[in-house]
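Note that the protein sequences, when read in sequence, are chains X, H, D, B, F and Y. By the count of our numbering, the first sequence reaches residue 281 at its end, each step adding exactly one. By the count of our numbering, the second sequence reaches residue 562 at its end, each step adding exactly one. By the count of our numbering, the third sequence reaches residue 843 at its end, each step adding exactly one. By the count of our numbering, the fourth sequence reaches residue 1124 at its end, each step adding exactly one. By the count of our numbering, the fifth sequence reaches residue 1405 at its end, each step adding exactly one. By the count of our numbering, the sixth sequence reaches residue 1686 at its end, each step adding exactly one.
Hints listed in this document are in silico derivations from the structure and should not be mistaken for laboratory results. Note that the structure is a prediction, hence the values are computed from the model and not measured. The beta-carbon is built from N, C-alpha and C at its ideal position, and this holds for glycine as well. Don't take every hint at face value.
Said to hold, decoys possible - So the derived list for chain F, only partly shown, Cβ under 7 angstroms to chain D, looks like this: (1) 1207; (2) 1212; (3) 1318; (4) 1322; (5) 1326; (6) 1329; (7) 1344; (8) 1374; (9) 1377; (10) 1382.
Claimed, not checked - Derived DSS-like pairs: lysine-lysine, alpha-carbon spacing no greater than 25 angstroms straight-line: (11) B:1006 x B:984; (12) Y:1439 x X:34; (13) F:1128 x X:255; (14) B:1006 x Y:1568; (15) F:1185 x F:1128; (16) D:596 x F:1128; (17) H:315 x B:877; (18) H:536 x H:554.
Claimed, not checked - Listing some non-contacts, in silico: residues in chain X with all C-beta distances to chain Y over 10 angstroms: (19) 19; (20) 223; (21) 254; (22) 278.
Here is what each chain is made of, one letter per residue.
Protein chains: 6
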Amino acid sequence: MQSKYISISSPSPHVLLLELNRKPVNAFNTEFWKEYGRTFDTLSTHHDDIRAVILSSAFPKIFSAGLDFQGLNQLGGKDLLIDPARRALLTRALILDVQHAITAPERCPFPVIAAVHGGVVGLGIDIISACDVRYAASDAKFSIKALDMGLAADAGTLAHLLKITGNHSLARELAYTSRMFSSDDALTLGLVSRVVEGGREAVVGVALQLAREIALKSPIAVSGTKHLLLHARDHSVAENLEYTATWNSAAVQSKDLHEAVNAGMTKSKEAIKFLPLKPKL
Amino acid sequence: MQSKYISISSPSPHVLLLELNRKPVNAFNTEFWKEYGRTFDTLSTHHDDIRAVILSSAFPKIFSAGLDFQGLNQLGGKDLLIDPARRALLTRALILDVQHAITAPERCPFPVIAAVHGGVVGLGIDIISACDVRYAASDAKFSIKALDMGLAADAGTLAHLLKITGNHSLARELAYTSRMFSSDDALTLGLVSRVVEGGREAVVGVALQLAREIALKSPIAVSGTKHLLLHARDHSVAENLEYTATWNSAAVQSKDLHEAVNAGMTKSKEAIKFLPLKPKL
Amino acid sequence: MQSKYISISSPSPHVLLLELNRKPVNAFNTEFWKEYGRTFDTLSTHHDDIRAVILSSAFPKIFSAGLDFQGLNQLGGKDLLIDPARRALLTRALILDVQHAITAPERCPFPVIAAVHGGVVGLGIDIISACDVRYAASDAKFSIKALDMGLAADAGTLAHLLKITGNHSLARELAYTSRMFSSDDALTLGLVSRVVEGGREAVVGVALQLAREIALKSPIAVSGTKHLLLHARDHSVAENLEYTATWNSAAVQSKDLHEAVNAGMTKSKEAIKFLPLKPKL
Amino acid sequence: MQSKYISISSPSPHVLLLELNRKPVNAFNTEFWKEYGRTFDTLSTHHDDIRAVILSSAFPKIFSAGLDFQGLNQLGGKDLLIDPARRALLTRALILDVQHAITAPERCPFPVIAAVHGGVVGLGIDIISACDVRYAASDAKFSIKALDMGLAADAGTLAHLLKITGNHSLARELAYTSRMFSSDDALTLGLVSRVVEGGREAVVGVALQLAREIALKSPIAVSGTKHLLLHARDHSVAENLEYTATWNSAAVQSKDLHEAVNAGMTKSKEAIKFLPLKPKL
Amino acid sequence: MQSKYISISSPSPHVLLLELNRKPVNAFNTEFWKEYGRTFDTLSTHHDDIRAVILSSAFPKIFSAGLDFQGLNQLGGKDLLIDPARRALLTRALILDVQHAITAPERCPFPVIAAVHGGVVGLGIDIISACDVRYAASDAKFSIKALDMGLAADAGTLAHLLKITGNHSLARELAYTSRMFSSDDALTLGLVSRVVEGGREAVVGVALQLAREIALKSPIAVSGTKHLLLHARDHSVAENLEYTATWNSAAVQSKDLHEAVNAGMTKSKEAIKFLPLKPKL
Amino acid sequence: MQSKYISISSPSPHVLLLELNRKPVNAFNTEFWKEYGRTFDTLSTHHDDIRAVILSSAFPKIFSAGLDFQGLNQLGGKDLLIDPARRALLTRALILDVQHAITAPERCPFPVIAAVHGGVVGLGIDIISACDVRYAASDAKFSIKALDMGLAADAGTLAHLLKITGNHSLARELAYTSRMFSSDDALTLGLVSRVVEGGREAVVGVALQLAREIALKSPIAVSGTKHLLLHARDHSVAENLEYTATWNSAAVQSKDLHEAVNAGMTKSKEAIKFLPLKPKL
């Protein structure tokens, strides 16, 4: 897999590290966000034995500076000015495309861990909001930038923020001001689950430990857990319980269950060789 | 704008301070809650350049003691006793009216910041639950009073509480006991986002800083952010993303975006003169 | 009421203490989870003056070790292997049955307080997730065990976890790893609302204080509050407000309201004798 | 009750006849649609013993020609052109106002019967779609006019059409072409439930028979039936069943039930004198 | 299976005929509706090879006269009058119980065909609304009786009526008047799919042909179709499509598919011996 | 645009005719359904001035025979048998892909008219269910084939059928039997809106008249109408009204509205030259 703006490596079996890598500050132009979405969708579909992905930045001081202005220029062509309704349709289609790319990690069957450090700004918040787990280096600084651009954020921050955190008052305050907030503020809000003392290396290191732990589990069980948690987020308890029963009616027929149960009894769980989620034929 | 039980002042451009002001403890009789709703609805509809509102109390020791008993007497007329079904219809209509008044801040296009101090009791919790941001003075004391009155709270506390906070166990415990809790408890629960050392003056001062910060932003962007956050609270992520794209297809055609982007480049954002949200014709 | 695996006592008027009591570690076989659901459903339907229930374990070192392997054996009969679709239907029906039993506390008209201590593993987490309030002894240790068994949890943990807590990143991390976490972690996550220094006796003691406080309130008001909070969890604010108005249109006709208001005025609330929720005819 | 554009008479006890009456073709300018909504809302709130309303037109040849062009002019002020986003907010608020007025019959506690004749065009279809029952004279002609104006209908036709009828293919065809269709087509589609041979007098006469029949019933039962049907339209069967149980828990305590049951036994149902829905105190 | 008020026979392999049989007019007292629900739930759970059920009446002139007055008497005990709120809770629980019994056919994994004749009144309409298919003899007469009793129907008629038919105007008209309507009216409304000339024998005969046709199909496919249609009724198209994919991911692993495909090729489909839905172990 | 199995022509300005064209009976193998979806998605995205599409078959005697058996073979690879859970995931992904292709007409901004003739079987019903308008030649014959294959239909028939028609009893009967039904039955059910005497030529001719009529309208208005109708199908009336107001807040700013209004006044609507929906830049 080749990628222009995203460095991909495998620091451990079944684990990938994706580093955003567009100089100088990981600003997202059209090419970059399309590549971002395509990368995750390709991993979801074609790679058969990834069990966890870490998302980080190649630049210690900045995770992402957000949307590149070029993204907006697309909307400003002179000819479009001839009709606000047609311009709205084009804009709407563009926003849907950006959203689809940025929420690609949700479509992955494996957990995506955002290991952030340095500046996390604007689209950077959209990006980490669509990941499963968020760890921050103590040097990280966050800002929901959109308001300073005269915009309501539209690639996921507003959709996710009130759900993934535990204090609407603080979440709205940060959304209404676009002010910078620290890793500790992010932890208080519930936006991240862990602050790691240090910078890029430190947070990626801790994320890697988590990824390795996940990689030892049955991929059937992990992908089901992710799928059902996302369903639970968006449905009532009763609706989710019934869906879970339907989902698991196939999933518990997996041989992974028997292997895991046996391993649990013999305490040798690291030795289990689970089948890939999508075995090659 | 004249108001009998609510003092209105403008401590800063585009910012209003509303102080609940019915002696001696801001108990809400029918006239008061109707005026409360009407005040916010009038601000939403007829005033064209408000960008943030602070809600506080004129009395340092008490934000609000909750519903006045007169509100209940209305339901107890002798003649109504002749038929429980008709009495239920009348009661239902009355509750819907109270709810409509108390949730008026949600219908405002600008953020409403509750700056609470002293006692916040019963309907007082309903009131702040429907605001955008909640700050508490360190002297504030809270109680979901309804249960002590033999009632389930019905003007918004139960509707909002589990959503705006981050610990259902604590939220339910407070709802089932009506016990008093402190500002620090409120912060732990996620009911408020900040505890300000001191009393009324201190918390209103800090709320004013936040209001001023919001007042510098594009009113198109702030009102869109509020609208989309409220939509996100009540819809799935997928549903909200599509709605957001539709909403922004018109909103990003605003000139505010270009002005804000330019200001961002020249670092002079305080000097931007955004148009009012509802320009006078 | 007789029960094989659950000890039932009444430490205080209107309060029951239920202790899980299947040696050695409260592992749930089919008989046990059926009895668990039936016990709560019986309390809901036939007992007319219970106002709060505490759920704990008879064994200081372990609240519950989760599902007994026998539960899984049911699914593995040789004859079932003849058709995966029929096997799926049977499995689905079994999961729905387990879910129905484990969520029985939600169907009770009174609050259920989980007072946990020692190990809380697998189905143990499902069980406490469906309770109203969760208190933990400082010696409690938690693990969403399912993943180690090659399974996605399906009796309520995934359905409840993101809703009842305030940090999706942490909740997912715990779900993806099945790692042990402490009482303090549970408090940070928002899974419990209080950590009580000590073990079984300490946490049950504090839960008992809460239960007594609840038992002083009007059962009409407490059961309405529980019903409306559960509705609020699963519906939009607007939908819940209208439902609340409909519900309360009958509930406020209760005499409890007048008695509670009068008691509030005379400060003698402990002396109120509320009618049972389901008076005997 | 005075009304400029709507003639109000009472052809039978508890029954009102409302006739749209703005010359020459019942085109709706701003004043007219506001009055339309206000009239129904006033009837809902302040009149205590109306049990059925018939909606018709004062002009035999035309029920309504739809929106008056003046309604659109409001949106075209020169000053508004300065910002498409602000213009969109103003337009949105205007559409919401029109929708709120046109759907007023849904908020009435009594059934509203549209007795249509002659041309029923554009907003005319929105209007009848929000009524409970639709009867058409054989001379009636219908057109969802909006598309011919370069618009998607937005005051209720699109919201209601697929739900209230039984053939999506036909409904969409009529929406995509704005073509005229006859009373018989309307019956086939399911838009009306009866075609009455003749014109205005004939259809109003038959509607009056229906209104009189409804007026004999308990107003508690009729208003409950309407409320629950509207709820059923917009919710799942399970959700509606639970809501119905909650609603009826108060409604079946009505004395009307006993009176109706007794009357049923003595076959004298026309003689029952039910209390008004909102008895005067 | 023994039943006091329901005659059960098997006119054809895999097909049951259930005849309501409480003299003289199939009025439903408490015992009868409890037995009705229990009968269907028992068939669903314990009988492993039923593929279609026909529901009819033992009395040619009457399908059902609806609720017996005794059902209401339960709600009128003198002692209950002491508190309207407690009375409401008891009433609500009773209505939920009736609903649960009457909707039991929805929980069956096989289609239930209502073959109605003679009078179908009140609860009779609730009953057939929860069946899969409705056939009427030409002598059938229908009335949504509830309104004549001073009640809004609450055991399913209002929940189902607007969904299962194709003309809201007609459906509401019939609900608001409780007037008698004929088999032909029921066909026009869409309440039944076929009118069979004659009476009880004729309609049961035609229903039996349908049942036999269904009994030839794979029970995995038929029960899946029913389950997915009920899901589709209550969910959006997108939500249902995803659920369908999840459901079928197990169902298409059935051997029935291969047997049916092979039989399709050899034109011998009547000879397929599908496994029971719940094979005995 | 080249296509292997779909013939594309333009019988009239802004109108396309798509003819399914895989010999001998339009059975859908993997290549065909992928091409089907891709064709519509390409038309939606890249072609800027299509205003209506007619879908028909190149073979007079058969519209489509449904899914080709090869589609199923994909699921039966020997290696997959090693684990039912992994096999379920693969199957689920395949079904989602088929669904996505078959529902492609819903994603088009223009109406798609199915003009069917001859046999319409299995996947053929899924296909026409996702179109906007359905016309049938009098020689058409329909069968929801899935059940005869031992399957519940999963590419849209079950999701759409109860919504787009007006008689659940009939719809379920056809789904449970897979029996053949005629054009007239389809009209009664509400599955088609018109039966055209004759065969392929006749029905395509009438569909073409409809397409031409649609092609005269503003593409902004037609695409908005389609978008809002689809939203209305899947949301409550209240939810749809608010969405419609948001959508139209941009759409009514279109110049099409003014052109259409002017044309309406001068009766020359055929002469309006609306801009393409997606003007080339």
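Hint check:
1. 1207: At about 5 angstroms, which falls below the 7 angstroms cut-off, the nearest Cβ of chain D leaves the hint on residue 1207 (chain F) intact, so it holds.
2. 1212: 4 angstroms, holds
3. 1318: This hint is violated: residue 1318 (chain F) lies away from chain D, its Cβ roughly 31 angstroms from the closest one there, beyond 7 angstroms.
4. 1322: Not OK, violated: residue 1322 (chain F) not within 7 angstroms of chain D, min 39 angstroms.
5. 1326: 36 angstroms, violated
6. 1329: 32 angstroms, violated
7. 1344: 5 angstroms, holds
8. 1374: 4 angstroms, holds
9. 1377: 4 angstroms, holds
10. 1382: 11 angstroms, violated
11. B:1006 x B:984: 21 angstroms, holds
12. Y:1439 x X:34: 23 angstroms, holds
13. F:1128 x X:255: Violated, because 48 angstroms separates the two Cα atoms, which is more than 25 angstroms.
14. B:1006 x Y:1568: 8 angstroms, holds
15. F:1185 x F:1128: Distance ~20 angstroms between residue 1185 (chain F) and residue 1128 (chain F) Cα, so the pair holds.
16. D:596 x F:1128: The given pair, whose Cα atoms are some 29 angstroms apart, is violated under the 25 angstroms limit.
17. H:315 x B:877: Holds: residue 315 (chain H) and residue 877 (chain B) sit about 23 angstroms apart, inside 25 angstroms.
18. H:536 x H:554: 11 angstroms, holds
19. 19: 29 angstroms, holds
20. 223: The claim is violated: residue 223 (chain X) sits with its nearest Cβ about 8 angstroms from chain Y, within 10 angstroms.
21. 254: Violated: least Cβ distance 3 angstroms, not greater than 10 angstroms.
22. 278: Non-interface label on residue 278 (chain X) violated, nearest chain Y Cβ at 7 angstroms vs cutoff 10 angstroms.
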